[in-house]
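As a plain string of letters, each chain reads:
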Amino acid sequence: MSSVTTQLEAIHSMLSAGHRSIRMQRHSLVLWGIAGATLCLATEHIITPARFPVHWLRAVALLIFLAVVLSAVALADFHYTRYRIRVRDESLSFVQEQVIKVWWLLAGMGILFTFGTAFFGGGYMVFVVWLVLFGLGIYIHGLFSEEMLEWAGVMMILLGVAALALSAPYRAMQWLAASGFGLGMPLLSLMLDRGKSKSVRIRASQSALWLAVVLVPPLVAYQFWKSEEPQSGAAISLQSFQRQADPSATAVVAIPAGTRIPLKVRIAGDIVEDRDDMALALTLAKPIEIFLADGRPDGRFRVAGGQWKRRAQSMWVQGVELDGMVNPSAGPGASLKLILTVDH
Amino acid sequence: MTSQSPLSEAGLDIVLHQPIRTRIVAYLIGRGEATFTELKQTLQVSDGNLESHLKKLIAAEYLTTRKDSSNARRQTVYSLTHSGEAALRRYIASLQRMLGFDAKVRARSSAAAKGKLAWNP
Numbered sequence: 001m002s003s004v005t006t007q008l009e010a011i012h013s014m015l016s017a018g019h020r021s022i023r024m025q026r027h028s029l030v031l032w033g034i035a036g037a038t039l040c041l042a043t044e045h046i047i048t049p050a051r052f053p054v055h056w057l058r059a060v061a062l063l064i065f066l067a068v069v070l071s072a073v074a075l076a077d078f079h080y081t082r083y084r085i086r087v088r089d090e091s092l093s094f095v096q097e098q099v100i101k102v103w104w105l106l107a108g109m110g111i112l113f114t115f116g117t118a119f120f121g122g123g124y125m126v127f128v129v130w131l132v133l134f135g136l137g138i139y140i141h142g143l144f145s146e147e148m149l150e151w152a153g154v155m156m157i158l159l160g161v162a163a164l165a166l167s168a169p170y171r172a173m174q175w176l177a178a179s180g181f182g183l184g185m186p187l188l189s190l191m192l193d194r195g196k197s198k199s200v201r202i203r204a205s206q207s208a209l210w211l212a213v214v215l216v217p218p219l220v221a222y223q224f225w226k227s228e229e230p231q232s233g234a235a236i237s238l239q240s241f242q243r244q245a246d247p248s249a250t251a252v253v254a255i256p257a258g259t260r261i262p263l264k265v266r267i268a269g270d271i272v273e274d275r276d277d278m279a280l281a282l283t284l285a286k287p288i289e290i291f292l293a294d295g296r297p298d299g300r301f302r303v304a305g306g307q308w309k310r311r312a313q314s315m316w317v318q319g320v321e322l323d324g325m326v327n328p329s330a331g332p333g334a335s336l337k338l339i340l341t342v343d344h
Numbered sequence: 001m002t003s004q005s006p007l008s009e010a011g012l013d014i015v016l017h018q019p020i021r022t023r024i025v026a027y028l029i030g031r032g033e034a035t036f037t038e039l040k041q042t043l044q045v046s047d048g049n050l051e052s053h054l055k056k057l058i059a060a061e062y063l064t065t066r067k068d069s070s071n072a073r074r075q076t077v078y079s080l081t082h083s084g085e086a087a088l089r090r091y092i093a094s095l096q097r098m099l100g101f102d103a104k105v106r107a108r109s110s111a112a113a114k115g116k117l118a119w120n121p
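Protein sequence lines, in the order shown, are assigned to chains E and L. Under our numbering, think of the first position of the first sequence as 1, with each following residue one higher. Under our numbering, think of the first position of the second sequence as 1, with each following residue one higher.
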């Protein structure tokens, strides 16, 4: 009786081992992780508007750049994985080959999504999408190999979804994705244990450690960066700034409430020509201070003596509505409505 | 394809009714194919031990081998044949039948024991 049960248990255990027999190679995690982090941080400095002034050309350059870099990583990983497997006298199983194809497919989807954002919008989500796609790839691999990969894959997906749900600033998302790839994936490679079954408590502890390593550095860096105060002494008034001899000085300029600021608007498109400079007058409701580095605003500002902010992270344009009309008395007309929110 | 392997007195396939050979066949059903090194790592057995069991499974035509020519070292890759797969299914069915029979006997014994206790507290 007991020998029958033991035999059946052994068969069940080996069937399970056979189904989860593929191995995530440590070098794959390191290679893809470092490549992902580098792309997150460096792409915006390589594919710049200065290098590619035409919009569609910049999008194509981005597509080619991502495709070339990720294809090179995929090829290097594929060949090195085969080499390592041969050295260890192992074989690349059918399931592993299919999982590799799924991984490439997910990377391809990421490239196409990134390219598509240049034409259809959604660039705000680009890092989250990459994080979710890599998380999905790791999770799928984990289904056929190791528990830890399943946990890490789910955490990467949740990180991405949470960042989006909490409307995390673009820069924070960029650093979070870079951390998930550059720190999280190499750390995951150290956590692999050849598919050993461990209790939920141990897996949860490992996951908490992984999450801490991935979350803390970008959050701390972002908080520091966001509230970094300009080192330029006391603010000068707008009148003093306008009187000063050196226009390229570094200074903080205080602009009082009630100041009228001309907003230049240029609109071009399929059926309109960008010919006339329009200027709309905005009136400041609250005093603001703007930091000028070498005579140019570097994006840092503060409202009514509050905390210093970065323009790119604190100003939102939402709810853009464009409407057209024609009536006999006034002729053709158009109205544009948008909401400018400043987080101060 | 070979005919069914001889059966033991209990009606079990004598080639499969050995823990290491059962585990090899069960592992290969899940994985598809594996090299000698992979089998050795998974089963945690010595080279000689594994080799002798693999030879028996190949002789029973439960396993087949192929040489992987993509590698200069030409690894031998083992996979299950249709008869090997069918044999494992028959073997599992036999074990389950035995387990069901044993369970019924135990249930009867247990009921009888309870009855005895009830009559003689």
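Rather than coming from a laboratory, the hints here were simulated on the basis of the structure. Do not rely on the hints blindly, as some may be mistaken.
[Said to hold, decoys possible] List of simulated lysine-lysine pairs, DSS-like, C-alpha gap at most 30 Å:
{"hint": "1", "chain 1": "E", "residue 1": "K198", "chain 2": "E", "residue 2": "K226"}
{"hint": "2", "chain 1": "L", "residue 1": "K40", "chain 2": "E", "residue 2": "K198"}
{"hint": "3", "chain 1": "L", "residue 1": "K67", "chain 2": "L", "residue 2": "K56"}
{"hint": "4", "chain 1": "E", "residue 1": "K196", "chain 2": "L", "residue 2": "K40"}
Keep in mind it's a predicted model, so treat the numbers as computed, not measured.
These are the hints, each one checked on the structure:
1. E:K198 to E:K226: Violated - the C-alpha atoms of K226 of chain E and K198 of chain E are around 41 Å apart, more than 30 Å.
2. L:K40 to E:K198: holds, 23 Å
3. L:K67 to L:K56: Holds, at about 19 Å.
4. E:K196 to L:K40: holds, 17 Å
Violated hint: 1 only; the structure is consistent with all others.
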